[in-house]
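Protein chains in written order, with my numbering: chain E, 117 to 361; chain Y, 18 to 344; chain V, 18 to 578.
Please keep in mind that the hints were generated in silico from the structure rather than gathered at the bench.
One or more hints might be untrue.
[As the list claims (entries may be wrong)] The calculated lysine-lysine pairs, modelled on DSBU-like cross-linking and capped at a C-alpha distance of 35 Å, are:
(1) Y/K291 - E/K258
(2) Y/K124 - E/K245
(3) Y/K151 - Y/K191
(4) E/K134 - V/K514
(5) Y/K129 - E/K245
(6) E/K128 - E/K258
(7) E/K245 - Y/K291
(8) E/K269 - Y/K293
(9) E/K208 - E/K229
(10) Y/K291 - E/K269
(11) V/K529 - E/K318
(12) E/K279 - Y/K332
(13) Y/K188 - Y/K332
(14) Y/K291 - Y/K332
(15) E/K128 - E/K229
(16) V/K514 - Y/K293
(17) E/K134 - V/K529
(18) Y/K64 - V/K514
(19) Y/K291 - Y/K137
(20) E/K209 - V/K514
(21) V/K529 - E/K209
(22) V/K134 - Y/K71
(23) E/K208 - V/K134
(24) V/K134 - E/K258
(25) Y/K114 - Y/K191
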Amino acid sequence: MHRTGALYGQFKTLEQQKDTATLGMWIFLVTEVMFFGGIMLAYTINRHTYFHAFAMGSNTLSLGLGGFNTVVLLASSFTMAMAVWSAQTSRKKLITLFLSLTILLGFVFFGVKYVEYAQKFHHHLVPGKNFDIFYCVDNPSKCTDIDAADLAKEREELEVAAKADPNLNAHAQLYYSAYFGMTGLHALHMVIGAGLLFWLLKESVAGKFNAEWNNPVDIVGLYWHFVDIVWIYLFPLLYLIDRHK
Amino acid sequence: MQSSLPTFPEQASNFAGNVDTLFSFILMTTLFFAVLVTVLIIFAAFKFRRRSEKEVGDDVHGNNVLEVGWTLIPTIIAIGIFAWGAAIYVNYRIAPKDTLDIFVVGKQWMWKLQQPNGRKEINELHIPLNRNVKLIMGSEDVIHDFYVPAFRVKMDVVPGRYNTMWFRPIKTGKYHFFCSQYCGTNHAVMGGWVTVMDPAEYAAWLSGESGDVNPAAAGERLFTQFACNTCHIANGTGRAPSLNGLFGANVLLADGSTVVADEAYIRESILQPKAKIVAGYQPVMPTFQGLVTEEQIGNLTAYIKSLQSQPVPAKGGGIAPSSAGKK
Amino acid sequence: MRTQATGPAPQLPEKHYLNATYGIRSWLLTTDHKRIALLYLASVTFFFFVGGFFAMMIRLHLLTPNGFLLTPDLYNRMFTMHGVTMIFFFLIPSIPAVMGNFLIPLMIGAKDLAFPKINLLSWYVYVVGGLFTLWSMVNGGLDTGWTFYTPLSTVYSNSAVAPAVVGVFITGFSSILTGLNFLVPVHTMRAPGMTWFRLPLFVWAHYATSIVMILGTPVIAITLGLAAMERVFGLGFFNPAMGGDPILFQHLFWFYSHPAVYIMILPAMGVISELIPTFARKKLFGYHFVAAASLAIAVIGFLVWTHHMFLTGQSTYAAVAFSFLTFIVAIPSAIKTFNWTATLFGGSISFDTPMLYAFGFLGLFLIGGLTGLFLGALGVDINIHDTYFVVAHFHYIMVGGAVMGYLGGLHFWWPKITGRMYPEWLARIAAFILFIGFNFTFFPQFILGIMGMPRRYHTYPPEFQIYNVMSTAGASILAIGYLLPMVYLTWAAFYGKVAGDNPWPATGLEWKTQSPPLTENFDVTPVVTWEAYDFHNRPDLGLDVPGGKGSPVVAPAHGDD
Numbered sequence: 117m118h119r120t121g122a123l124y125g126q127f128k129t130l131e132q133q134k135d136t137a138t139l140g141m142w143i144f145l146v147t148e149v150m151f152f153g154g155i156m157l158a159y160t161i162n163r164h165t166y167f168h169a170f171a172m173g174s175n176t177l178s179l180g181l182g183g184f185n186t187v188v189l190l191a192s193s194f195t196m197a198m199a200v201w202s203a204q205t206s207r208k209k210l211i212t213l214f215l216s217l218t219i220l221l222g223f224v225f226f227g228v229k230y231v232e233y234a235q236k237f238h239h240h241l242v243p244g245k246n247f248d249i250f251y252c253v254d255n256p257s258k259c260t261d262i263d264a265a266d267l268a269k270e271r272e273e274l275e276v277a278a279k280a281d282p283n284l285n286a287h288a289q290l291y292y293s294a295y296f297g298m299t300g301l302h303a304l305h306m307v308i309g310a311g312l313l314f315w316l317l318k319e320s321v322a323g324k325f326n327a328e329w330n331n332p333v334d335i336v337g338l339y340w341h342f343v344d345i346v347w348i349y350l351f352p353l354l355y356l357i358d359r360h361k
Numbered sequence: 018m019q020s021s022l023p024t025f026p027e028q029a030s031n032f033a034g035n036v037d038t039l040f041s042f043i044l045m046t047t048l049f050f051a052v053l054v055t056v057l058i059i060f061a062a063f064k065f066r067r068r069s070e071k072e073v074g075d076d077v078h079g080n081n082v083l084e085v086g087w088t089l090i091p092t093i094i095a096i097g098i099f100a101w102g103a104a105i106y107v108n109y110r111i112a113p114k115d116t117l118d119i120f121v122v123g124k125q126w127m128w129k130l131q132q133p134n135g136r137k138e139i140n141e142l143h144i145p146l147n148r149n150v151k152l153i154m155g156s157e158d159v160i161h162d163f164y165v166p167a168f169r170v171k172m173d174v175v176p177g178r179y180n181t182m183w184f185r186p187i188k189t190g191k192y193h194f195f196c197s198q199y200c201g202t203n204h205a206v207m208g209g210w211v212t213v214m215d216p217a218e219y220a221a222w223l224s225g226e227s228g229d230v231n232p233a234a235a236g237e238r239l240f241t242q243f244a245c246n247t248c249h250i251a252n253g254t255g256r257a258p259s260l261n262g263l264f265g266a267n268v269l270l271a272d273g274s275t276v277v278a279d280e281a282y283i284r285e286s287i288l289q290p291k292a293k294i295v296a297g298y299q300p301v302m303p304t305f306q307g308l309v310t311e312e313q314i315g316n317l318t319a320y321i322k323s324l325q326s327q328p329v330p331a332k333g334g335g336i337a338p339s340s341a342g343k344k
Numbered sequence: 018m019r020t021q022a023t024g025p026a027p028q029l030p031e032k033h034y035l036n037a038t039y040g041i042r043s044w045l046l047t048t049d050h051k052r053i054a055l056l057y058l059a060s061v062t063f064f065f066f067v068g069g070f071f072a073m074m075i076r077l078h079l080l081t082p083n084g085f086l087l088t089p090d091l092y093n094r095m096f097t098m099h100g101v102t103m104i105f106f107f108l109i110p111s112i113p114a115v116m117g118n119f120l121i122p123l124m125i126g127a128k129d130l131a132f133p134k135i136n137l138l139s140w141y142v143y144v145v146g147g148l149f150t151l152w153s154m155v156n157g158g159l160d161t162g163w164t165f166y167t168p169l170s171t172v173y174s175n176s177a178v179a180p181a182v183v184g185v186f187i188t189g190f191s192s193i194l195t196g197l198n199f200l201v202p203v204h205t206m207r208a209p210g211m212t213w214f215r216l217p218l219f220v221w222a223h224y225a226t227s228i229v230m231i232l233g234t235p236v237i238a239i240t241l242g243l244a245a246m247e248r249v250f251g252l253g254f255f256n257p258a259m260g261g262d263p264i265l266f267q268h269l270f271w272f273y274s275h276p277a278v279y280i281m282i283l284p285a286m287g288v289i290s291e292l293i294p295t296f297a298r299k300k301l302f303g304y305h306f307v308a309a310a311s312l313a314i315a316v317i318g319f320l321v322w323t324h325h326m327f328l329t330g331q332s333t334y335a336a337v338a339f340s341f342l343t344f345i346v347a348i349p350s351a352i353k354t355f356n357w358t359a360t361l362f363g364g365s366i367s368f369d370t371p372m373l374y375a376f377g378f379l380g381l382f383l384i385g386g387l388t389g390l391f392l393g394a395l396g397v398d399i400n401i402h403d404t405y406f407v408v409a410h411f412h413y414i415m416v417g418g419a420v421m422g423y424l425g426g427l428h429f430w431w432p433k434i435t436g437r438m439y440p441e442w443l444a445r446i447a448a449f450i451l452f453i454g455f456n457f458t459f460f461p462q463f464i465l466g467i468m469g470m471p472r473r474y475h476t477y478p479p480e481f482q483i484y485n486v487m488s489t490a491g492a493s494i495l496a497i498g499y500l501l502p503m504v505y506l507t508w509a510a511f512y513g514k515v516a517g518d519n520p521w522p523a524t525g526l527e528w529k530t531q532s533p534p535l536t537e538n539f540d541v542t543p544v545v546t547w548e549a550y551d552f553h554n555r556p557d558l559g560l561d562v563p564g565g566k567g568s569p570v571v572a573p574a575h576g577d578d
């Protein structure tokens, strides 16, 4: 079926096309809720059963980096919303600007995530044969990125946790499986989002979006906001267990 | 035993009659509706067959009264069947207090069954007539299922937990049992025979072969071997509650709740001692996860059961006050 | 009797979707929903015969109690791969991907589905998933049962679990994309005058199915994803040796897999809701109730999954709640059955092949559905769970129900899809052969279940043999019943009698176009002014409507002759 301008052949009007694509994106997001929901359920059940190990795992995550990433993503949702507004008001240069900012913030997020993942790898916290929740405490010389005071606190917490849960390592591995599973899936969705944003950027530079037709910006915005919301759930679930001390 | 076209197995347990009666009721009901609808379809197909090429049917939209009727009536029947089935099931899931307990371990691809006196069987189960029998079942590897068609009972055997099932055999004889949850290569040959004997014969059979040591005695040895006795001192002066009179009693926990000290509680206390702390005691018990096998847990449980009739110390028992002195 | 077109025999239209463009690229890169439907037809037929091959192996092996044909490991692979192929690669896609794709735009008066490129993508995703799974089948096979229970599948099995699970995971996305492509057009792309309650019930059925696809499939995706990671990386969510819980796997698995059975049956019910009004030439009795029942099945179907787990040792009271809900979910299906039956009364019934399949569906679905009541009743389930009773129950519904619906629909719409008619008498004979073969195959399995034969057994006690032999004999007849349509439908597509726009005639919007349709479906967007299946207000069909336009003929009073 042939296209005339922005209008695809199976649609009668741009209005119908917009309604269709928007509904399609919302329904797709519902499937994503069910998808993430499944792993969040598994996580929640295991967190209830193995609270000590999960609290221990959570405390080895960097609150600073996680918090920073949260702010980065929230900011990126703001710039995305600004991009949509710019498209709706035909401000062509601003669309490109805000899309670029959103992509940039996305890459900042990836960068921080890379730092976090690399750290976990060095600390033997990646699930598998070498997983060892006690690694840094047992080998402080190998974990020079943790300062002595924090390491001492970690040692204390580990002792308490190990008393409460003799299988701490195995259960902490469950925590990290969930951590990598959930943040990995989230990161994958962000990569796809970044790809969509690049495409939008290209189209915006070519002047495709204006007040009459801006639906693609709108629905990619929906997707990006959803990915942000997933992180808003992940951050407290993963980073903020038992942090009131 | 083998007629030309065999169908229902014999009814050899207390559940079989009830289950078969419900089955027959459902059969009659569904047969009635199946026949009714089929007859109506065949009748209509014949009576309203097309007479001429261009004929059309009547202009009928529907009938709300019929709709309500054929919604409500099946619903009522369905709820009736549900309730009857649920009643049988609830009775089946809640074992009576006085049971002959058999420990069962399923593993690829055989069954190990242990009698109360320690006598072990492989792929065979001997039980006495007219006695409530409870199977306490664990798995060493994957999920299995213990199924006795003649008793109309089955239960999954899941690794990492105990599942129990109970029944009362009402007829002597030999009855097939099967593994009935797919478990790998030899799932289909992982079965055996349940032999129901007259009580006297059973008693004779039980004591006949010297077989293995009494599980309670084996448990007592383990109790010393694992140093349980250093904390769980019988007269209540130890760091841990005395286990006299514990089995079957209510235990008061540190958080104020009570729990019945059954097999699952004993097993959990051995493997995850921090899960439930007895009121007035410190959480200092180490775990024996990885140090005891399922069979050893069974023997320890048998030993603790044998302490039921021992005198409960005034102070230092784990038993909730309201049931102190309970059997 | 089928209405013969009066006047000269119809000609195939000059231009239609099959000859609009030529060449393999025009097919592999098509975005025409009708061509995509045919791509699916080819691939699901392929997988049907793959699954059928496994079924033949099972039935041949079970002729004797000691299994002469296969080793235990090989037999276990046969039933596992039979299940995986048939469920994920045949039953779930079949009617939606073939008939839904072809017909929904036509039925609602649209030029295509909402997202034609995503439609094509869904086919490629299906093929890739299928290839992964096929690869695993020839490289070690799969012997975990289609249910993949842990820790057998994640730790103990020595078969190619990971690639198979990845294959099913991938194919799930095909389902999600298809569901998306059905839900949206019904909302935004209906032709003028096509109100919700004028929609064919086929569309309602697919709408309900799509809700299930959208909500359920992502859950199996994450479940299989976790299982694959457990298998490959040794995680421990479902492994008790590492603190995990095998029952958690079962909950997550069945949360999708129960609604999946409604994905498999609702479309078939939608087909039946088209066939009966067409071949009785009468409105469907209780249209609104049937539409509502489809939605009810979709929703309540999400609330019953634990009835697959009554004997896992879970909470007794949870089991009671799920048993109650299981009985409730049976009610909408009963309502539909009564409405289909009531449609026949006062109708003008012909016995063309599609109608024979509809009758077959009614009888077999009735038995299959009613036997579900035995399984839902807790007290009886204790005895027959995991026996051949369950196997017979779901085959009655899936094969006796869904496959009959699929074949009935294929025959009904074959003239629209190909422009040519299949050979009627051969088709009727095949339908009979199928019906008889089916009952001989699966009825004895109810008896085996009652007798206590567990399922997934490569060897069995000798007292079970007689029914196994009956079942295998039936299966060979059933196989003929399936091969015949395969052959004559293919033949008819090229050499069958030209059918014309509306050979039956039927009332749907798809029948107001040429056969085969144009690529864009409609020259001019139709405007709908009639109710569904309204034979009394469709003078364009050329039938004798009593007191209606263009016909002085009075309908004969029924029961007089």
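Inset, instruction - Could you check the structure against the hints above and give me the numbers of any it violates, in ascending order? - result: Per hint list: 4, 6, 11, 13, 15, 16, 20, 21, 22, 24 violated.
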